[in-house]
Amino acid sequence: MTTTELETPETIPALTPPSVELVDRALRDLDYEDRLVGYKMTPSAGNDRANLYSLPQAIVFLLGTRWDSPMLTPGFKGAINWVDLNAFANWLRDAVGDAPLASAVEEHVLPLDSYYAQVQTLSRVLGMRMDQYREVRGVVEQEADEAETTEDAG
Amino acid sequence: MAQGGYVGKILYVNLTDGTTEIIPTADYEQWGGGHGIGSALFFDRVKDKTVDGFHPDNLITFMTGPMSGTLAPSASGRTEITGIGVTQYPVGWFTRSNFGGRFAGMLKFAGFDGISIQGKAEKPVWINIVNDSVTIEDAAGLWGLNTHETQEEIWDIVTGQPDVREWWGIGGSRDGGRTTQKPAVVTIGPAGENLARNACVLHDSGNGGGQCGFGAVMGSKNLKAISAIGTGSVPVADPAALMELRTEIKERFGFNPDAPSLETPVPGVQLYGILNAQPGYGTLLWPPMAEGAQPQGCMGCFKNCRMNHANGYANGDICVEGLYWMASSDQNENMAATTLLDQMGLNVYDVMAHSYMLELYKQGILGPGKEIDTDLPFDKYDTYEFIESYTKAIAYREGIGDDLAEGITRAAVKWGRYEQDTATGLLNRPQWGFMEHYDPRLEVEWSYGSLFGDRDINEHGVNWHVHWMPLVTAAVGQDPLVSAEELVNLIAESTGVGDPDGWDYSVDGIYSDAKLKAVSWHRHYSRFFIQSALFCDWAWPMLVNYNAGDDHTGATPDYEIRLLNAVTGKDFTYEQAMEIGRRIWNIDRAIWVLQGRHRDMEVFQGYVYDVPTAAPYFLPIKNAEGEWVFDINVGRTLDRERFEDVKSRFYELEGWDPATGWPTRDALAALDLAFVADELEADGKLGS
Amino acid sequence: MADIDKNATDVAANSGSGVSRREFLTGVGGAGVGLVLGGALIKGFFLPDEVFAVPASGGYLLVDTKKCAGCASCMLACSLAHSGECNLSLSRIQVLSDPFGPFGETESLVQEQCRQCTYPACVDACPTGAMHADEKTGVRMVDPAKCIGCERCVNACPFTPSRVQWNPAEKHAQKCDLCIDTPYMTEDGGPGGQQACVAVCPTKAITFVEEIPMQSDAGYQVNLREGMSAWATLALPQGDDGEYTGAAGANNPLAGH
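Chains as they are written, first to last, in this note's numbering: chain A, 136 to 289; chain B, 2 to 689; chain C, 91 to 347.
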C-alpha cells in the first residue's frame, strides 16, 4: 500500500498564552452574521453547506472528535469537511477574536500542499491552543473553587 | 438460444374492487423492463394523464428487470417504481423511484415480473404474494406500525416461522417448494399513512424508494405493504456464459478484499470506496466503531456497499439517509436518527431541510412566537431529543410538521419564503422543488437532465469519475488516478458518444453541442440500462476502472450487453438498447407534456443563475490552451441567456419543438410511438 | 459408484482414506473439549465404530459469517451452475439474513452449507445408496437415478436447516457436491476444481479446504479476516470478538470546554 508522505512542519513554536478574557470571548456562540460557512462534501449528496456558529463547532467540523486522527471521526462519515482555510484564519481573527491563533494558522497551515496535510497540521496548531485555553480556564476554575472554599470557611 | 430473464407475468391489482388480472410480460418486453414497462402500462391504462398523484386512478407500478434475481453483478436487486409523484413542485410529474434489496428477486421467484396497482381500497389492506397465490389482506393490525415493525409482523403472518433457520414449505406438499428466506416486503410507515408528500417506501432495513413521495401514494390507496415470497426460478438463457461473465467482472473490475490492487493511499481516510468498490464502501458513511460491522449487499451484488452494525442502527443505509442528522457527538445517536427516519418512512432528501430551518431559527425568523412559529427545540439542535421530535412531527403531521409533511418546498411557499430563499440559495432547490444534489451550475448533465425530466436524476455513473476521483485524490495530496485527458477520452469511448468535449465543464463547455450530446446520451442510457434493465446506479455504467492497474478501460458498454444477452437469450446491441432508452425518455416526455409541461416552465430557481459557486468543485475542463485539466471551478454561475439557447438546441437534438419543448410527430413516429403522437395531437400539444 | 459398505468390519482395511471414529477422537483429543467433527457427536456416538465408516470427503467449504455481505450471490451461483437457473430454494448453500439484526449476533446472518460430515447421517439413512460418498473424491452426493424420494436423508441431516433438500422440479434429493456435477459451469468443479459459490463471493467469505476443519456444535470456527491487513484497512474487524483495532483511539479535543 502506498502511503502519502506528508510534508508538514516538524515543530510549531508555542503561542503566547491567551488571557482569560480572550478565551471566554473565543468560546462564545456567534451571531448569524458572524458564522463561518463550510461545506460537507460527500459522495452521496455532493456539497452541502454547513454553518458554523462557534469555534468549538468549527473544530469539530474540521477535525472531528478524534483529535489525533482528523478526518476519521464521528460526524465525518467518509466526507471531506471543507472550509476555506484563508477565510478560517480571518474568521479566527475577526469574529472569534484570537489573533495569535489566526497568525499561526496562516504561518504553519496555509502554505501546505494538500487539504489533508493542512488539516493534519491544523489539528496540531488547534490542539496546542486548546491546551492553552484549557490551562487558563483551569486556573480560573481553580481560583473560583478556592474562593468558594474560602467563603464557606468564613 | 433459449429465452430467459422474464418470468412471464405482471400482476395488475385494482384496489377499488379488489380484483386482479394477469398481464403477459411478453406484451411489454419491447420496453426492456422496469421503468420502460411502467411508463408503457401507465400510458395504456391511465386515460387522463393529468390526474393528481393522490387520485385513485394514479397507477403505480413496481417493476423488476430481466436480470433481477439472477447472478448478473449489481443488476439483480433493484425495483423500479413509476407513477404520478406528489413531491414535485409545482406539478407532480409522472415519475420514478427505485430501491435495492431483494424484493425484485423474490417477486420473480414468486412468478411475477412486476405489480401494477390502481384504485383505492375501502380500508387499509396489504397484498400477500406466496408463489402464484395473490391475496388482498386486511391491514387493520398493521396500520400505525413503523416500517420495521410492519415487516416483522408480515414475516410472522406469512410463514408463521417459529425457527428462523428451518425450511418453510409452501402449500403443504414438498412439491410446493421450500425456502429458508423471509418474505420480501415493501411497506410504508406512519408518514405514508398520513399522506406526507415526502414519504418513502421502505424494504428490509434501509432500502428506501424516497424521491417523489410514493409512500404517500401508497397511503392514499390504503395500501400498507406488498409482501412476496417464492420458491421458483428465474430462467437464464445461457447459464455458463452468465457464470463466466460474473467471475470475469469480479476479477477485472471488482475489489479483492484480501489483496486489493488499489487501496486508499491514506490509512483511515475512507474516501476511495466509491472508486474501487470496497465492501462497505470503506466506511463511506459510518466511521469504524469499536464494536465492529460487516458489509451488506443487495441480492446478487458484487460490490456490497452497505454495512450492518453492532448497534443494530443504520443497517443497510449507505446513501443520503446516512447524512440525515449528524449534530450529535455520539455516533450512536446520529445512526439512530437514520433508523428512525427509515422506520417513520420518510425521504431524507426532503426532510434534511432541518438545516435550512436552523438557519431561519438562527436568523430569528423561526422559533417559538416568531414569524414561522414552532416549538420544535431548535435550541437543542444537537440533541437526539430535537431530531426525534422533528422527525415524528412530520410523520404524524403534528404542529409545524403538518407544513413540513407537504414537503419543504410547499412549506416554504406557505411561509412566503420560497422565491426569496431559492434566489439566495438559502433553500437550494434548483428544480421541481427537489434538493440540490450535485452542483447545478457545473455538473450540468445532472441539472439539465433533472430539469428536462421529472425529478433529481440521481445517477452517479459519470459523477464518480469526473468529480469524485479528482476531488478525493486532490484532498489527500495525490495525483489523479487518471489524468483529465485520459479520463474524458475513456468516457467518450466507453459511452460511444465519441467526442471528449462532451465532458468539458468549462465556462463555455457546459453550453456546447458536444455537452448536449453527452446529456442526451445520459438520459437515454439511464432510462434503459439503469431504470429499465435495472443495473444499479452506484455500480453502472462502469466508464473507468481503477482496479486493474494501468488498464483503466471500463466495463461499459460491452459487459452490459453481454450480461443482458446471456440472461435473456435476445440479441441486443448497445445501439438498439440506447434507442429503447430514447423511446422511454420520449414517452415520458409526452406524459409530462400532457400534464402541462412547456418550455417556459423549464427554468432553474434564481440562485443557480445568480449566486456563484463558493467551494472547490473538481471537474475536467479544456483550458484556453486546449489542454485538459481538473479545475476547482469556483465563482461559477449558469448564464440565463446561454441556458435558454441550450434549451432550443437540446430540444432540437431530441426531436422536440424548440418553441414549446413538445415532441414532434416525426420524432415520435421514428421511435414507433405514433400512438403517443396521436394522443398529444388530440390534446393540442404536438410539437411542430 | 462407491456406495458405502455399512457392514464393513475392518475399517482400516476397507478404506485407506477413511477415518474411524476412534481414530478421529484420538486425533482431536488434544485440541480441547467441545471440538468435534461434523455429525460425529450427534450420530456417530450411538454407533459402534465398526458398522459405520465412510471415506473422508476430499474437501470442505468454510464460510465466515462475519465477512459475508448477505448478497446471496453464492446461492444464485449454486443453482445456476447445477440447475441452469437462478433459484434460492434450489441452492445447496443457504444464507439467512435478518436485515435488522445487529452485527455479531448469531441469528443476524447465518450461512449454512453441507459440512461433508465424517459420519454422514444422510448417507446412513439412504435405503438405496443414492446418497453416497463419491468413489474418487469422497464427496457426499446424490445419485438422482437411485433416489426414490423417501426424504430420509433430508430428515436425517442433524443440522438446521437440513443440508439435504428436495428438488421439486426434478423430483430427487440434492445437496452440496462441491460442484462435481455442474453441467452449467464451464470450469471443472469438485475438489481441485472450482466451486461456484467460492468463485463468485465478492468478499471472499467462502473458501475451499482439503483438510477437515475443526468445529464445535455451533459450527465451524471460521475467520477468513484474520491476518488480512486489507480487511483492517476497510475499517472492518479482524478479530472474532468483532473489535476493530485499526483506528486510533478517541481523544476529544474539546474535552474540558
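Be aware that a few hints might be false.
Restraint-style ranges between C-beta atoms, simulated for each label pair [to be verified]:
1. N221/A - D500/B: 33 to 39 Å
2. D166/A - T638/B: 26 to 32 Å
3. S262/B - E260/C: 37 to 43 Å
4. S238/A - A625/B: 52 to 58 Å
5. D376/B - E197/C: 40 to 46 Å
Think of the hints as simulated: they come from the structure by calculation, not from any bench. Predicted model only: the values in this text are computed from it and were never measured. Quick reminder that beta carbons are idealized off the backbone N, C-alpha and C, glycines included.
Hint by hint, here is what the structure shows:
{"no.": "1", "hint": "N221/A - D500/B: 33 to 39 Å", "verdict": "holds, 38 Å"}
{"no.": "2", "hint": "D166/A - T638/B: 26 to 32 Å", "verdict": "holds, 28 Å"}
{"no.": "3", "hint": "S262/B - E260/C: 37 to 43 Å", "verdict": "holds, 42 Å"}
{"no.": "4", "hint": "S238/A - A625/B: 52 to 58 Å", "verdict": "violated, 37 Å"}
{"no.": "5", "hint": "D376/B - E197/C: 40 to 46 Å", "verdict": "holds, 42 Å"}
When each numbered hint is compared with the structure, a violation occurs for hint 4 only.
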